[in-house]
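Participant: Take a look at the letters that make up each chain.
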Amino acid sequence: MSFINYSSREINCKIVYYGPGLCGKTTNLQYIFKRMNPESRGKMISLATETDRTLFFDFLPVSMGEIRGFKTRFHLYTVPGQVFYDASRRLILRGVDGVVFCADSQLTRMDANLESIDNLKINMREQGYDPDRLPLILQYNKRDINGVASVAELHALLNYRNVPEFEAVATTGVGVFETLKAIIKLVLTDLKRGGK
Amino acid sequence: MNPGHFILHEKEYNEIQSVLKKLLADSYAKVVFLVDKNGSLMASSGETAGFDTTSLASLAAGNIAATGGLASLIGEKEFSILFHEGERDNMHISVVDNRLILVVIFDRRSSVGLVRLRVRRADEDLGRILKSIDEAAQREEEGEGVIEELTEADIESLFK
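Chains as they are written, first to last, in our numbering: chain Z, 12 to 207; chain S, 158 to 317.
Hints listed in this document are in silico derivations from the structure and should not be mistaken for laboratory results. There's no promise every hint is true.
Said to hold, decoys possible - List time: in silico BS3-like cross-link candidates among lysine-lysine, alpha-carbon distance up to 25 angstroms: (1) S:Lys179 - Z:Lys203; (2) S:Lys317 - Z:Lys192; (3) S:Lys179 - S:Lys317; (4) S:Lys194 - Z:Lys203; (5) S:Lys194 - Z:Lys196; (6) Z:Lys196 - Z:Lys54; (7) Z:Lys54 - Z:Lys192; (8) S:Lys179 - Z:Lys82; (9) Z:Lys45 - Z:Lys82; (10) S:Lys179 - Z:Lys54; (11) Z:Lys203 - S:Lys178; (12) Z:Lys82 - Z:Lys192; (13) Z:Lys132 - S:Lys194; (14) Z:Lys54 - S:Lys288; (15) S:Lys168 - S:Lys178; (16) Z:Lys203 - S:Lys168; (17) S:Lys317 - Z:Lys196; (18) S:Lys317 - Z:Lys45; (19) Z:Lys132 - S:Lys288.
As the list claims (entries may be wrong) - Computed from the model, here is a short list of chain S residues facing chain Z with C-beta under 10 angstroms: (20) His162; (21) Ser197; (22) Ala218; (23) Ile231; (24) Glu233.
Heads up, the beta-carbon is just placed ideally off N, CA and C, and yes, glycines get one too.
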C-alpha cells in the first residue's frame, strides 16, 4: 500500500525483489546502491547471516525525482530466498506495491525458480493480493555464465502472466536499472488506477 | 477509502504532529516517530537530525512484523509493545490502532513507566485522528486527484 503525504508532498511505494536463494536479489540492490547518486538514495541495510545470506531483508530507499510537485520515493526490499525462511517472506510482502521476480538462469536452478514463483503466488494470495494483478516484472539473472536456460525456456516456465522480462547480470549491472525502471513505471501506473 | 493507498492531508498531518510534540514533552523523550506498518515514516518530533529516519522506520516496521509473526505462532494476536534497553538510549515501540507504529527514543531523563503512560494517551489521540482520516477518505473517495490525474508522460518524465 503506497503512502501519499500531501503535507510533505511525497509518494512512498514499496517494491520487493523475490526469488530463489542466491539468484542475485541482494546483488541487484547493491548495484543500485553503488551506482545511484548518494543524494538520491539512502543507506542500504542488510539483515544477513555471518555468511552474508539474507536472514530477514535488505532495504534500500531511493528517490526518483518529482511528479507534479510530489517527490517519489521507493523502498526496495529483498526477501530471504532460502526455502525455510517462508514466514519472513510473507511478512516482507505486506503492503507491497510491486514485485521483481529475480530468476537464476542456470539450468540447475530451474526447480528452485519454479518453487519460488509458486511460493510467491501463494504468499501474494495470503497477503490479500491477486497474483494476476499485482505489478510484476521478471528478471532472468546470471546471463553471463555457462549452462543457462534460454530466455524462451525461462519465459515458458516462469512468465505465467506475460509481464515485461529482462535479461541481467546483476554483478556488472546489466539489466539492473532497466528492471528497476520497469517496475517503477508499473507501480505508478497501478497507483493511478487505484491500487489492488 | 481507496484500498491501494493511504493518503495523509495537511490538516491531519498537523494534528499528528502536535500529538507527537506533546508526547515528546510529556515523556521527556529525545525523539518520537510515527511509522506506517509498511515502514514509511509519517511524522516525527524531537532531535531527529542525529538519526537516519528512513532506516529507522523500515527496521521498526520489520521489528513489529517479526514479533507479530512470533505472536501468532504462540496464539497471540500481536505483541503490541516492544521495549529495547540500551546503555544510553532506550526504545519503546508500540502499535497504534493495529496499523501504525509509534517509536519513542529516550534516555535516563525519562523512564519506561512514564513513556508507557504517555504513549497510552497519545495512542488514543492518534486513534481519533486516524478515524477522521478514514471518514474524510470515505467522503472524498478519490483524494485530491493528483494520483488519479497522473499521465504516462508524467511517469516517463522521471526517467529523462
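Participant: Lys132 of chain Z and Lys194 of chain S: Cα distance at most 25 angstroms?
Facilitator: holds, 22 angstroms
Participant: Does Ala218 of chain S hold up as a contact with chain Z if the rule is Cβ-Cβ below 10 angstroms?
Facilitator: holds, 9 angstroms
Participant: Does the nearest C-beta of chain Z fall within a distance shorter than 10 angstroms of the C-beta of Ser197 of chain S?
Facilitator: holds, 4 angstroms
Participant: For a C-alpha distance cap of 25 angstroms, please report whether Lys203 of chain Z and Lys178 of chain S respect it.
Facilitator: violated, 34 angstroms
Participant: Between Lys317 of chain S and Lys192 of chain Z, does the CA-CA distance stay at or below 25 angstroms?
Facilitator: Holds - the C-alpha atoms of Lys192 of chain Z and Lys317 of chain S are around 11 angstroms apart, at most 25 angstroms.
Participant: A closest beta-carbon separation below 10 angstroms is what the hint needs, so does His162 of chain S meet it against chain Z?
Facilitator: holds, 4 angstroms
Participant: Is the Cα-Cα distance between Lys179 of chain S and Lys203 of chain Z 25 angstroms or less?
Facilitator: Violated - the C-alpha atoms of Lys203 of chain Z and Lys179 of chain S are around 36 angstroms apart, more than 25 angstroms.
Participant: Under the criterion of a CB-CB separation shorter than 10 angstroms, is Ile231 of chain S in contact with chain Z as hinted?
Facilitator: Violated, about 13 angstroms.
Participant: Given the hinted pair Lys317 of chain S and Lys196 of chain Z, is their Cα-Cα distance within 25 angstroms?
Facilitator: Distance ~13 angstroms between Lys317 of chain S and Lys196 of chain Z Cα, so the pair holds.
Participant: Given the hinted pair Lys82 of chain Z and Lys192 of chain Z, is their alpha-carbon gap at most 25 angstroms?
Facilitator: Roughly 16 angstroms separates the two Cα atoms, so the pair holds.
Participant: Under the criterion that the straight-line Cα-Cα distance not exceed 25 angstroms, is the pair Lys179 of chain S, Lys82 of chain Z satisfied?
Facilitator: Status violated; Cα separation ~28 angstroms.
Participant: Starting from Lys196 of chain Z, check that the Cα of Lys54 of chain Z is at most 25 angstroms away, please.
Facilitator: holds, 23 angstroms
Violation of the numbered hints given earlier is confined to hints 1, 3, 8, 10, 11, 14, 19, 23, 24; the remaining hints are satisfied by the structure.
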